[in-house]
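Participant: One letter stands for each residue in the lines below.
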Amino acid sequence: MASKSFIKFNVNGRDVEVPFDERESLYDTLRNQLDLTSVKKGCEVGECGACSVLINGRCVDTCIYLTKWAEGKSIVTVEGLKDEKGDLTDVQKQFIKEAAVQCGFCTPGFILKAVEIVGDNKPYTRDEIKKLIAGNLCRCTGYMNIVTAIEHAIYNNMKKQGKDYKLADNYKVYLDQGEEAKNKMTDELLLHQEAKDAQVVKEIFNNK
Amino acid sequence: MDYVGKSHIRVDAYGKVTGKAKYTADLCPKNALVAKVLHSTIANGEVVDIDISEAKKVPGVVGVFTCFDVPDIEFPTAGHPYNLDPSHLDPADRKLLNKRVRLYGDDVAAVVAEDEVAAVQALKKIKVTYNEFKPYVTARASMQDEAPVLHPNISKSNCFSHISFKSSNDFNYDEAKKKAIEKYGEDNLVEVCANIKTPLISHCHIELPVSYAYVDTNGKVTVVSSTQIPHICRRVVAHALGLPWGKVRVIKPYIGGGFGNKQDVLYEPLCAWLSTQVGGRPVFLEISREETIVGTRTRHPMDGDVRGLITKDGKYVARELVNYVQNGGYAGHGASITAKCTGIFKNIYKDELGVNSEAYTVYTNAPTSAAMRAYGVPQACSFSEFLTDDLCFKAGLDPVKFRLENCADENSITGDQKFYTYGLKKCIEEGAKHIKWDEKRKAYQNQTGNIRRGVGMGIFIYQTAVWPISEEISAIRMVLNQDGSIQVQSGATEIGQGADTVWTQMSAEATGISFDKIYVMSTQDTDLTPFDFGAFGSRQSYVVGFAIKTCGELLKKKIIDRAVDLELTKGKKADELDIKNNNVVDKSGATVVSVGDVAMNSLYSQTKAEHIVAECTKQTLTNTFASGCTFVDIEVDMALGKIKINDIINVHDSGTVLNPALASAQVHGGMSMSLGYGLSEELLIDEKTGKPLNDNLLDYKIPTAMDAPDYSVAFIDMKDPTGGFGNKALGEPPAITASAAIRNAVLNATGVSFYQLPLTSQRLVAGFKEKGLID
Amino acid sequence: MFDIKSVYEASSVSDAVNHLKQDEDAIVVCGGTDVLIRVREGKDAGKALVSVHNLAEIKGITMDSNENIIIGAGTCFYNITNNDIIKANLLSLGEACDTVGGPQIRQTGTIGGNICNGATSADSASTMRALDAEIVCVGPNGERTVPISEWYTGPGKTVRDRCEVVTKFIIKKENYKGYFGYYSKYGKRNAMEIATLGCSVLVKLSGDKSTIEDVKIAYGVAAPVPSRAPSAESFAKGKSISDENMYIEFGKKALSDMNPRDSWRASKEFREQLIKELATRSLKEAVRRAGGKI
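Residue numbers (the numbering used here), protein chains in the order written: chain A, 56 to 263; chain B, 3 to 777; chain C, 199 to 492.
Hints may contain errors.
[Stated by the list, open to error] So, partial list: chain C residues that the calculated Cβ filter (under 10 angstroms) puts toward chain B: (1) D201; (2) K386; (3) E447; (4) L476.
In case anyone wonders, no lab produced these hints; they're calculated from the structure. The beta carbon of each residue, even a glycine, is placed where N, CA and C say it ideally should be.
One chain only, chain A, in its complex shape:
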């Protein structure tokens, strides 16, 4: 039997020390010891990306990463994402706005990958985005709206820095109600959800 030990690392902005069995993957530890259930299991062999988290800012599959290796490192899961105002990050908002979420099981992994991509501060094209997210599998969306959501998040990030970035317009969705309507809908939804979840939202955004 392998022995129990403790690991010290920073998880979602907090320094923590937790017990773990040294046979554990980081997937096991984040879910079982820290209850971070957004980290999902889809293949256990680094093929699907559902268990991705950010380790020191880079996206890694936790199913094939020993917990021990994370000693002293900084981990981010979607539970830890928030912008400077404690609101959803733009990446999360874009996923909502662009209908990039369906069953939602692969979503946390994609969002973390997108956070890494946007954080690169590079004007990636749609094809480059596709290459960067090719380690995350999704069976519901066909990826298109995910690529668009990331593209829009890059656009907003570039705009904030006063840089140019051209959104591609190489596809067409008929019956689309346009960008303005979508933005309005997102705002409405967020208000709606926050009213419903006021208590939990407060907890997430203010206490962590």
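Dock chains B and C against chain A, hints included.
Facilitator: Same frame as chain A, but now just chains B and C:
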């Protein structure tokens, strides 16, 4: 309509982007025991003996159970509505663990342990002795007399179903051909005969099938599961354990995709039984990706001989399909998928002299095939669309014009299922316009060189829901809160398709209560949520739509009646009142009283208090056809056999589009699935051993983002008179035609017909070499 | 949770070697993207893992005073692709590393593991073979350097002893200076693939860029181990780059050196087609990169 038809943002998106949405594994109690299943290492045979003595000694093992220990009950697993006519019940052909091994990876024993490692170590120490038979993997092989009969209780031969749907009882293709020659002369006819094969494929929902079970304090066997069909799951678990149905409770949280795999009851019965064997303690059973690919369900591989006859001026004269369907080790949905395939092939075109569509469904030593998105129709449309394009190619006809002349029309399908609205030809016209069909067909003539471009298309027709093959009902409950908001409860499930959002839109439309004040209960719980069969057959929005409309109107009437009764309406009578935007309003639209005030006054009245609740059950007795098509523009790298998609569009005739943004997103996903079907996905089984060769996500190739083109989507928005909100099927149809359209585009680009999906580079290169197109 | 006996995080290479020596069940793990999968499959279940995952001494890329390039074995694929020395001098190696698995795998998977697993399909291996890389291992008997041509002993097998840790790879100046490379990978999908075939070509043109002065071609999956195609190499030397037939002939010659096998992943015939076609295409691309006008 105020809410339906608008691109409302998903109601569950917030929970899903924050990681707050909980799926089955996220909810499992920490003290749960872990169960693991031992699978057979042979594909055909019997378990003679199992030695568990060493396994039981592994520290942490709580129990080891084998096929010799389970109840002597055979049960069905299909997510079909129950039928009071015993002849319509699904085959009850498996036990919780099986002595008779019918496929490689069959379930023969299970371990329950304190943790996963102990369970895995114990599995390795179980010694099984088999009496092994030769495996018969394919339908044709397993139909041979020498193949041992896999389910003698169900059928005397491995072929457990033979069906034949004909245009008329006396139709015979060869006779029709003779007649056609007499009528048109041989020179004026074109015939194509081909054998077409479709692959065995896996659903690959990203969440693995997972459940946990415990015996509750009231004695109920409770199963929390990632299932599309909680109410059916309850019935099957009860059946498998020999319990009264009410003794079982099934709870379904958020689910990470299903696509039909979770329309079968998978490991829930075993998980529930294992809990009863360890004193009712919670038992967690999550299978691996490999177990999912091999041991749950798959899409049927079909092997069909097709024949088609047309006149040179472009008229379908006769068609035939004789289809050999590999069903795998267990029946799953039995022959119903074959039946749907057979029916669609028959109905998709009009044949002057008739059609014979016929199929044999066969138990074989392969993974069990059952429901997968579009239920036999991707296969049907492979047969019909390959054949049609080959005929057009041979006769020099334009595939678009030919289809416009010969495809099913508004009157060609008669009976209980028919087109109440018809948009197929309009879909074809829209698709052709988008892809610039005529222009490109001209431009792509007589190409040489290594890169060749082509355009292709495929059409489909698809029923909405399952009536009258099975019963169709849905029940809805709406509960009014003190603030004028409501809970909507349904047994129909959100599986990623957007059901909760669309229910919210429909409920707002039906009640006059605004979108933000409607809370659809996302978790289904057979003890709490009203009855519904669940997510399958592109049925839910249609069937639930009727129920929500009726229930919403009932709730509205109750609120208005209470308002009148409580003298809140300034003397106005019920027939003068309506509810709009959370208020009871009069005919001029002026607010009389808010719904919240009615709720408060009703609930807290000292003398006539009442909790306002509406509930109704709605049975659906119509079934309307949806239809549509894919158009694609591709290029083929001849020497490497690689296909690149330059442009692709799906056009759908699905009635009123309930939520265009979510509908488009759903179509993208279906198109992507069909691209995988057409280009890269096939689960390979070694025919000598029955062993799967590529049962993981590296070797089983679903499309990655780099394989995904940008998709175009269009809808022919036409309100269907039968739908609660004018809608028709859309969940499954997007997954049908992209593969056939690509195959037909390869024919256009290269002049070579391929008859086996997926169109792998290896197949293309071999085909091009055979035709001398490459060295 | 993995079915393993223990995990030991080594403090240095020599510490790792000592621990490997002490326990017969011990195996070395670095990125984990192969070893942990083998553990899960049961092939390496019950092993004692000696980890060099976080060892800084085996990470990073440097150029020594002789302009030899030294690649730490523990450097992950992502860091190789994005390294400036690699981009300027060994572009095709960086590109080959950029085709391994998906982006997440490339963050943790290392070039050391890719060469140590002995796989003919390893994406970095064919380019390393074309570059005549030297492999430095440290074991109980000290350090030794093995030319990559002597490294592989069979499918999944190398000359590395269980107790040895590969610490770095040396790419000699004469093997890359003036050469331009191209790596072609064929997989069924465009990402997340084990190569069905990989082909790496390095070419050096004459001063006037009209003829091929030297060429090296190495394959993955065309034979049981990553292999060079000597007949193709000697054929192309001195040939004019403007002769279209030369490229086709180069592919045919390469095929004559290879012996691909039939498997469920790909037929022998299809692999043969890929061997020819990828050689032709890789050579053309490499020539273009070298400034040749075809």
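Participant: Next, verify each hint and record whether it holds.
Facilitator: Quick rundown of the hints versus the structure:
{"no.": "1", "hint": "D201", "verdict": "holds (5 angstroms)"}
{"no.": "2", "hint": "K386", "verdict": "holds (5 angstroms)"}
{"no.": "3", "hint": "E447", "verdict": "violated (12 angstroms)"}
{"no.": "4", "hint": "L476", "verdict": "holds (8 angstroms)"}
When held up to the earlier numbered hints, the structure conflicts with hint 3 and nothing else.
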